[in-house]
Amino acid sequence: MSGTSQPDQLPPIHSFLTTRPQTTLSRLYARPSACLAVFRLLDDVARQIVMSLLWLDSKTGVDLTAWVSPSETARKHYTAAVLGLVRLHIAKEGSGRILILPAFQAGLRRALTGGGEHRSFGVPYLTAGGKDQMTTEQLDDYALERWESILHFMVSSGSSIGRVPPPSNAVIYLLRRSGLMASIGGERNPDSRITSQGFQFLLEDSHTQLWDLLLQYLAMSEDQGRDLVEVIGFLFMLGSMQLGQEYSTENLSDTQKVMLQDFLDYGLIYRRDPEDHTRFYPTRLATTLTSTSSLAFTSSKHEKAASSEGFIILETNYRLYAYTENPLQIAVLNLFITLHSRFENLVVGRLTRESIKGALANGITADQIISYLTVHAHPMMHKNNPILPVTVQDQIRLWELENNRLQSDNGYLYEDFNSQGDFDLVLSYAKQLDVVLWESREKRKMFVREDGHENVREFIRRRAEAS
Amino acid sequence: MPPKRSAEGSSAPTPTKRQRRGLPAQSAGLDNPQYDVPLSDDEPLEDLDLVSDVGDDASSTDNIAADSLIPRGAKLNLSALARKARQYERGARADLVSHMFGDQDFAYLQLKGDHTSRPLWIDPVDGHIILEGFSPIAEQAQDFLVAISEPVSRPSFIHEYKLTAYSLYAAVSVGLETEDIIEVLNRLSKVPLPENVISYIRSCTMSYGKVKLVLKHNKYFVESTHPEILQTLLRDQEIRSARVVPGSGGAYEVANGANGGKTKKLLHSTETGSGKGSKAGTPAPGSGAATPMQKPGQAEADLFTSVVGVDQDEIEEDDENTVSFQIMDDKIDDVKKRCHDLDFPVLEEYDFRNDTVNANLDIDLKPITVIRPYQEKSLSKMFGNGRARSGIIVLPCGAGKTLVGITAACTIKKSTLVLCTSTVSVMQWKQQFMQWSNITDRQISVFTAEQKEKFSGAAGIVVSTYSMVANTRNRSYESQKMMDFLTSREWGFILLDEVHVVPAQMFRRVVTTIKAHAKLGLTATLVREDNKIDDLNYMIGPKLYEANWMDLAAKGHIANVQCAEVWCPMTPEFYREYLREKPRRRMLLYCMNPNKFQACQFLIDYHERRGDKIIVFSDNVFALEAYAKKLSKPFIHGATAQVERMRVLQNFQHNPVVNTIFLSKVGDTSIDLPEATCLIQISSHFGSRRQEAQRLGRILRAKRRNDEGFNAFFYSLVSKDTQEMYYSTKRQQFLIDQGYAFKVITQLEGLHQMSNLVYKTPSEQIELLQSVLIANESALDFSGSDLMGLQGEQGQKARKSAQKYEAKRAVGSLGALSGAQHMSYIERNKTANRQLAREANSNRHKLFKKRDVAKKQANAG
Amino acid sequence: MKAYKGALLTCDAAVKQILLMMDESEKFIIQDLDDTHLIVQMDQLERVQRMLEVELEKNTYSLDPQ
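Chains as they are written, first to last, in this note's numbering: chain H, 44 to 510; chain A, 24 to 884; chain W, 373 to 438.
The hints are simulated quantities; they were obtained by calculation from the structure and are not laboratory data.
Don't take every hint at face value.
What the hints assert, rightly or not - Partner residues are not named here, just some residues of chain W that face chain H (Cβ under 7 Å, in silico):
hint	residue
1	M373
2	K374
3	A375
4	A379
5	L381
6	T382
7	A385
8	H409
9	I411
10	M414
11	R422
As the list claims (entries may be wrong) - List time: in silico DSS-like cross-link candidates among lysine-lysine, alpha-carbon distance up to 30 Å:
hint	chain 1	residue 1	chain 2	residue 2
12	A	K538	A	K453
13	A	K578	A	K185
14	A	K239	A	K404
15	A	K400	A	K538
16	A	K726	A	K404
17	H	K486	A	K783
18	A	K389	A	K436
19	H	K400	W	K430
20	A	K504	A	K453
21	H	K488	W	K374
22	H	K486	W	K430
23	H	K488	W	K377
24	A	K504	A	K242
25	A	K242	A	K404
26	A	K475	A	K504
27	W	K377	H	K474
28	A	K400	A	K453
29	H	K486	W	K399
30	A	K578	A	K400
31	A	K477	A	K389
32	A	K360	A	K242
33	H	K474	H	K486
34	W	K430	A	K605
35	A	K233	A	K436
36	A	K766	H	K426
37	H	K400	A	K538
38	W	K430	A	K766
39	A	K578	H	K426
40	A	K389	A	K242
Where a beta carbon is used, it is the ideal one built from N, C-alpha and C, also for glycine.
Kindly produce the complete structure, drawing on both the sequences and the hints.
Structure follows, in C-alpha cells:
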C-alpha cells in the first residue's frame, strides 16, 4: 500500500470538512461559491471525475473504471480520488458505479452557469470612479506587512529585546490556542514564546500557514457556537473574490461581519477607511485561499526571495551567510544563529553551540533547523550533495543529543522479595500494567512508575492476604 | 608539562607564566634529565616551540616589548571611526531586526547599482572583507585580497579576509600603491568603500615601504627616496647613535671595535647630555661632541646636509633619487625597532643583479624541473621589482615549499645559507638542491653536529640548523671555525625553513650574527598560538604570499583529505579514575582509554586492508610505546637511536609488510614520508591549531594523490567527556577555516566483530588501568619534548643522557611492578622494532656490500 | 518486600561516573542499580541536573566570538 493518495493528502480544509456531518456539508453546498471552492481544491483526478458526472442526470451512477488506465498507480490514484469525494459527500459509490450527490451537483452547476440571487460570490461595491481604487501592489504590500508582523511577533517574542508590536489579542489567543506559541509562566501572562510547533509552522509556505491558522479559527468559531456553514461559506466566498475589487458588506450575516473584523488582523481584508464598515477589499491572501498552488501568494518580492529561491549559504566552518533583507527571515535566523553583522542584502552569522542550544531550549528540534536551512539553501548550495555540509548537520544533532544524556522518572523501587517466585509474579503483573521501568531478576529488584505504584502495592497486599 | 589551561580560562594568562622559566632550573638535575635538557641554555627547538605554542606560558621576556613593534597604524581604532561615520547615516534605516546586530548593522551602506557583478562587502568595524567565492571575477579578487589582507577563512563559497596593519604593510612592500589599493578595493566592493576604511588604508600605508635597509659592500645602509624621512629618522637619538659617519673614523672604529659596549655608553651619555635640546640643536652626528644650542633653522639645515649633504663622501647615492646613511652592524636590530616605532618600518631589499662585490654562484634549475603556477606566483611577489624582497611565503605542507626556496636561490645566484629545524631536514634540503638544481656536491655543504663542511669556491650553499647557528656556548673547535666561516662572510640569501616553530630569541641571534642580503621564511602555517607572528614580520619581513589549501587540493597539487574525529567513550573504570585524578594523569588516562586502543586497532586494520600506509601520532611517549607494542608496530620517538630510526622509516617506505608506524612529536615536521596515506592521532598537544595543520600536512604530499578518486585520511581519536574533546575542537579551527570538514564518528561499524580485539575483557582493561595509575611522573609528559629535535653537540649529549635515563626507568618500573603482568606483557611485545633490526642484520651483507664498494671507489677517485 | 520512593535516573556510563563522584561530596544516590541506572532522592534531582550540566560543559570549546 503506497500511501500517496490517502485522505491525509487532502487539503487541510477538506480533511476538516470530512469530519463534519453530512447535513452540515449539504447546507454548505447550497452555496455555489462553496461548491466551486471545494471543487477547485480537489486534485486533478477528482476534478475530472466530478466534471464527467456533473452534467449527467443519472440516478444510478456511472462506471468510470473503463477510463482509468490499467497501471497500478493510476488505479490507486483513482480509488483514492473516489474515496475523497465520498468522504466529502460530493459523490457516493456502489458496486463500482459513482453517483454525484444532488446538493453538490446543483450548487456547482449554479456556480458555473451563474445567475440566481444567492450572492455567494460577494457583492461588488460600486464606486463612481477608479482613481482612488487600491492597486493590487498596494494591497499586496499591506497584506504582507500584516501577515509578516504576526510571524515576526512569533519569532522575536520571548526574547527580552523583542521590539515587534504585538498583534491583536485575538491573534495571540489563536496562536496560543493552536499551540504555535506558549505563554511564559502562567496562562494569564501576556508574554508568549514560540513553540516547536510554531517553528515548524514557520517552515511552511504562507498558504499552508494561513490554512493552518484558519482551521484553528474554524474550530474556535465552532466552540463559540457560530454556525460553521456561515464561517466556511464566508472563507470560500473570499476565495472566489477578485483581487483589486472592492466589495460591499450589505448582504453579509452578523457572523460574517464579525469575521471580517477578525480577518483585518491577518491581512486578509483591507478597509480603506477603518471607520467605514460598509465595504472592504480582499487581499491576495484571501483571494488565493482556494487555489491549489501553494505558491499562489508569491507576488511580493520578499516572498519570492524566500520561497522560490533559497538565500542561505552555510559553510563547513559553521559560518552562515544569508542573502536577505527581510526582517522576518533575519528574525527566524536569529532563533538559532549567532548573528554577527549585516549589510543591505547580506546577513553574516555563525552556527554555534550556544545558538543551537538556545534554540533547542525553546523546543526547536535539530531536524527543524536542518530542514529550514535546507529548504532555504542558496542555489549555490545545491551543487553540494547533500545540500548542507554533513559535518554541520551531524554536529547540530550531536548538540541535541547532549541534552538527552540524563532521563529521570519518579516511581518506586521494589526489593527484598522473599522468593524468586514472588518476584516473578509481581513483575509479570506490573509488566501487564506496563509500569516497569527497570528490573533485575538476579537482584530481585524492579522500578515501577509512580502511577503504577497503587496497583502493584494492592496486588502484593492481596496476595499476601490470600496466602 | 602540566596543562596550563582549563576550559573556562582558555586564554587567560596563568599564574605559572613566570614560574615556568624558573622552575625547571631548580628541578634540573640527575633525577629529572628530561627537564634538564630542554632548559639548558642551548634552547632546543622542539621544546621552545612548545612553549611558544601554548602561548600563555610563553615567556614574554623575549618579546621586545611586543607592543612597540606594532606600527602606529595598527593601533588605529577602526571601529571608533566607523561608529562616528554611522551616527550620520543611521537612524531612519533601523528596522525591526537592527538591534540584533548592535554595532554591526551596516544596512546603511547603500549597495551600488551594479552590486551583483561585484564580489565583496567590507565591514567597516573590523575590516573584514567578505568575498563571494563563486563570483566570475573571484579569482582575480582573491589574488588581490591575498596581497592586501590576511585570509581568515576560505571554505567553499564565501571567503573572509581581514585588513590589518601588517597585511597592508606587506601590500606596500610588494609594490602596491596606496591609491591603487583603495581604487581596486572600491571597484570590487558592492558597497562604497567606507570612509574610515579608506583612511585606515591611507594611514597604514602612508609611511610603509619608504625606508629600506640595504646591505652593500658588507655594510648596512638605511635608504630612502624621501630625504625628509631620513631626516626624521635621524632626529631620533637612537638611530643617530647607530649611524656610522664615514668621515669620522672614530665612530666607525667604535662600531666594529672589540670594546664597542663601553664606547656605546660613552656615545649615549653625550647624547643624553644634549637631552631635549636635540630637538632644536643637534650635535653633528658621530662627531662625539655635543654642540651647544643653535638656532632651530640652522639645526634643520645641518640635519639636512648630514643626510643629503654636499659632501659626497658622506652620502651613498644609488641613483639621483636615493639617499642613505650607514649604520653599525650590531645596531641593525635597534634601528629596525626604532624605525617601527617611528612608523617607518624598514623594508629589506637586495639588488642582487647589481651586486658585483659578492661572487656569483653558478646555480640554475635543471631543465626538467617544473615550477607550479602558485609557486611561480609566490616567487613573483618576492622578485616583483627585480630585487629580492625579504619576507615569508606560506604554502601548505606538501605544496613544494622546498622548491620555492631552491628557485629563489637559483634566481639570486649568490652564496646561500639554509637553516632548518633538524638534521633530517638538513639532509633532505641538500638532497633536494641536488635533485632540482645543477649544484654540485662540492658547492653545497652541511653544518651539523656530525658534519662540518665548507663549500669550495668563492660562493656556495651551506645547510644547517637553527640551533647549530644560534648556539652560543660550548662550541667545539671545529664548530667555532665553521661559525667563523659563516659569520665572516656576506650571504646573498638566507632561507629560513619552518619559521613558525623557531623561537624569537633564536631568530634574533641568527639574524644578527649572519649577514644576509635577502631573507626568505618558509612555513605551512603562520598560526602561532602566541601571536609571535609580529616578531616574524619584524625580523624577516612581511608575508609575501599565502596559498589557498582547498584550491591546491582541487587542482591536485596536494591530496584530498577526509578528516574525522572518532569519539571513544571512556570505559567506566577509566572514567572513574579520570574524574578523581590530577590533570596530568588525566591526560594519560584519556590516551590509554581501552576504547581508544580498540578504535586505533580497528582503524589500522581497516586501512591496512585498503592498502594504506599509516602513521599513528602520539605526543605522549608512554602511550606511544604501549600502543605500538600492544599492536606490534614499529615506533620512533626521541630516544630512538638514529640507526633504528632510519631502519624503521626505510621499512615503512619500502617494505610491503610494514604499513604502520607510530611517531611521537618528532614526526610533526621534517620527516618526509610521501608513502603515508592515513594518519591517526591518539594524543596531541593540547589545543595547538598549528600542530593539527602540521600533522595533516604529513599526508598532503601523498604520492598517490593524483590517483583517480584518491583520498587520504586523517583521524583524531578523542576520549568522550574529557578535556580532550575541548582541545580537539580547538585544534581543528585553523583547518576548518581552510575549508576542511571534520566528520564526527560516534561508532565504528564492525569494531566489535574484530576477532583479535585488544583489551576486550574487563580484567585486561583493569590491568591496563593499573599500569596507567602507577606509571611514574615521566610517563605523564605530553610536551613532546622527547629530544628528537635536538641538534648539535648539546643534542647528542642530551640524547645520550636520555638513553641512560630510559634504561634506568625501565629497570625501576619493573622493580616497582614486579608481579604486574602487563609490564612483562608489554616487554614481550616489544618486537616490532627488534624484528626489523633482525631482518636488517640478516640482510646487511647483501645490501651493504655494493654500497661499500661504491663508496671505496668514490673515495679513491 | 520493601518499596522506596525515588527517581530512577537512566544515563550513559560516563554520566553515571560523574554522578557517583558528585555523590561523594553530597549524598543523593539511594541505590546504584547498574552501569546506566541509579535511584536518587527526588528532591535532589534539580540540583544534580544543574551540577551535571556544569560538569559536562567543561569539555566543550566555544568558537571565539568575532
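Do the hints match the structure? See the list:
no., hint, verdict
1, M373, "holds (5 Å)"
2, K374, "holds (5 Å)"
3, A375, "holds (5 Å)"
4, A379, "holds (5 Å)"
5, L381, "holds (5 Å)"
6, T382, "holds (4 Å)"
7, A385, "violated (11 Å)"
8, H409, "holds (5 Å)"
9, I411, "holds (5 Å)"
10, M414, "holds (6 Å)"
11, R422, "violated (11 Å)"
12, K538(A) x K453(A), "holds (21 Å)"
13, K578(A) x K185(A), "holds (25 Å)"
14, K239(A) x K404(A), "holds (23 Å)"
15, K400(A) x K538(A), "holds (27 Å)"
16, K726(A) x K404(A), "holds (29 Å)"
17, K486(H) x K783(A), "holds (26 Å)"
18, K389(A) x K436(A), "holds (14 Å)"
19, K400(H) x K430(W), "holds (15 Å)"
20, K504(A) x K453(A), "holds (21 Å)"
21, K488(H) x K374(W), "holds (10 Å)"
22, K486(H) x K430(W), "violated (36 Å)"
23, K488(H) x K377(W), "holds (13 Å)"
24, K504(A) x K242(A), "holds (23 Å)"
25, K242(A) x K404(A), "holds (26 Å)"
26, K475(A) x K504(A), "holds (9 Å)"
27, K377(W) x K474(H), "holds (19 Å)"
28, K400(A) x K453(A), "holds (24 Å)"
29, K486(H) x K399(W), "holds (23 Å)"
30, K578(A) x K400(A), "holds (15 Å)"
31, K477(A) x K389(A), "holds (24 Å)"
32, K360(A) x K242(A), "holds (18 Å)"
33, K474(H) x K486(H), "holds (17 Å)"
34, K430(W) x K605(A), "holds (15 Å)"
35, K233(A) x K436(A), "holds (27 Å)"
36, K766(A) x K426(H), "holds (20 Å)"
37, K400(H) x K538(A), "violated (57 Å)"
38, K430(W) x K766(A), "holds (22 Å)"
39, K578(A) x K426(H), "holds (18 Å)"
40, K389(A) x K242(A), "violated (34 Å)"
Hint compliance for this structure: hints 7, 11, 22, 37 and 40 are not met, and every other hint is.
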